Amino acid sequence: MAGNPETAGRAEPPAESHAPPEPAYDPAAPAPLNLPRTPTGDAEVDARLARLADADHLATDGHVEVYEDVHGGLRDALTALDGRPGPPVPSPSYEQSRS
Numbered sequence: 106m107a108g109n110p111e112t113a114g115r116a117e118p119p120a121e122s123h124a125p126p127e128p129a130y131d132p133a134a135p136a137p138l139n140l141p142r143t144p145t146g147d148a149e150v151d152a153r154l155a156r157l158a159d160a161d162h163l164a165t166d167g168h169v170e171v172y173e174d175v176h177g178g179l180r181d182a183l184t185a186l187d188g189r190p191g192p193p194v195p196s197p198s199y200e201q202s203r204s
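The sequence shown maps to residues 106 to 204 in the working numbering.
Not one of these hints is a red herring.
Here are the simulated distance ranges between beta carbons:
1) 184 - 164: 30 to 36 Å
2) 181 - 133: 32 to 38 Å
3) 181 - 127: 40 to 46 Å
4) 159 - 193: 37 to 43 Å
5) 183 - 163: 22 to 28 Å
6) 167 - 188: 31 to 37 Å
7) 193 - 171: 37 to 43 Å
8) 183 - 127: 45 to 51 Å
9) 178 - 140: 17 to 23 Å
10) 127 - 189: 56 to 62 Å
11) 164 - 189: 40 to 46 Å
12) 173 - 144: 19 to 25 Å
13) 133 - 191: 48 to 54 Å
14) 189 - 166: 37 to 43 Å
Derived from the structure by calculation, the hints contain no laboratory data. Only a predicted model underlies this, so the values are computations on that prediction, with no experimental measurement involved. Just so you know, even glycine gets a beta-carbon here, dropped at the ideal spot from N, CA and C.
Let the sequences and hints guide you as you build the complete structure.
So this is what it looks like as C-alpha cells:
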C-alpha cells in the first residue's frame, strides 16, 4: 500500500525491545564504596584489607561476616608480632657459668 496517503510519511512503530528494563534506583541496594586502600607492605595484612571489598556487593546483613573475618585475621597478624621469631636469648647467668 505504497500509495495510501494516510500512511505516507509515518514511521513504522519501533519493534518491541527484548532488553530487560533498567532497574529503578534503590538507595538500600549494595553499592561499592570505592575507597582507596594504601598497601601496608605486609602481604598478609594487605590480603585481609582487600577482603573488605567483598562487603561492597553484599546486603548490609552480610557485612558482619566479612568484618569479623577481617578483624580476626588482623588480630592474628598483630598477635604474631608479639611472639619471638627465634630461639630465646640465653640469660646472662648462663653466659657467666660457661666462663
